[in-house]
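Student: Taken in order, these protein sequences are the chains called A and B. Residue numbers for the first sequence follow the working numbering, beginning at 1 and rising by one. Residue numbers for the second sequence follow the working numbering, beginning at 1 and rising by one.
The reader is advised that the hints may include incorrect statements.
[As the list claims (entries may be wrong)] Simulated pairs of lysine to aspartate or glutamate, EDC-like, Cα-Cα distance not exceeding 16 Å: (1) Lys11(A) with Glu52(A); (2) Lys14(A) with Asp86(A); (3) Lys97(A) with Glu44(A); (4) Lys98(B) with Glu44(A); (5) Lys98(B) with Glu56(A); (6) Lys11(A) with Asp18(B); (7) Lys71(A) with Asp24(A); (8) Lys57(A) with Glu78(A); (9) Lys51(B) with Asp71(B); (10) Lys103(B) with Asp71(B); (11) Lys11(A) with Asp63(A); (12) Lys103(B) with Glu52(A).
[What the hints assert, rightly or not] Coverage of chain A stretches by chain B, computed from C-beta distances (three or more under 8 Å per stretch; other residues unrestricted): (13) 37–46; (14) 69–81.
Think of the hints as simulated: they come from the structure by calculation, not from any bench. Since the structure is predicted, the reported quantities are computational estimates derived from the model, not experimental observations. Glycine is no exception: its CB is placed at the ideal position from the N, C-alpha and C atoms.
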Amino acid sequence: DTGVSQNPRHKITKRGQNVTFRCDPISEHNRLYWYRQTLGQGPEFLTYFQNEAQLEKSRLLSDRFSAERPKGSFSTLEIQRTEQGDSAMYLCASSYKRNRAGANVLTFGAGSRLTVL
Amino acid sequence: GQQLNQSPQSMFIQEGEDVSMNCTSSSIFNTWLWYKQDPGEGPVLLIALYKAGELTSNGRLTAQFGITRKDSFLNISASIPSDVGIYFCAAYTGANSKLTFGKGITLSVRP
């Protein structure tokens with residue numbers, strides 16, 4: 001297993017365009033997370049899936065953002081009608097949630113950096 | 001909301017020196033994690049702490065889960081140039097809660 005894979009690594013787009021990022025988690029992991037990170041800040045939670053179910057969404061996830069994990073494996077994060085404020089690093093992470101007391105340690109991908117002109 | 005406080009924003013040390021970083025909160029957390037991030041990459045897990053008072057080492061790194069469950073520290077001993085990067089603390093309130101991150105501390109190591 002090569003870890004969490006994200007692509008594209010970099011995306012430059014014009015304001016108003018749609019963009020889509022893909023995340024391939026570690027194969028045996030059942031949870032998948034999306035985080036956003038801006039310069040000088042720590043990662044901020046956007047949403048997460050357990051298998052194919054989207055269990056939680058942050059208020060940061062406006063209606064222009066949509067995430068899917070159709071077969072409980074890879075996930076996509078789409079941003080419609082991009083705005084300059086969407087420029088950030090979008091990080092995907094995955095974990096294997098074993099039991100109620102089990103550790104839920106996230107393994108992150110290298111991120112997809114979005115620049116909106 | 002829950003916040004993790006890391007300061008200062010930047011630290012500058014000489015190669016070979018030890019350095020300690022704190023992470024504090026007004027909220028109680030049940031799991032503390034320390035991550036390191038290199039430029040243009042995602043965060044990489046350094047140490048995970050699961051019990052109040054726990055002290056865990058990973059090579060030259062040592063971290064402790066504060067007894068009040070509101071803080072944690074990370075110590076790096078005998079620093080080397082590849083220790084340069086941004087160090088984030090992160091914590092959970094429970095197994096099904098989201099992972100909250102601090103703003104990170106940028107560490108620079110002078111050769």
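Student: Report the numbers of all earlier hints that the structure fails to satisfy, in ascending order.
Tutor: 1, 3, 6, 11, 12 and 14
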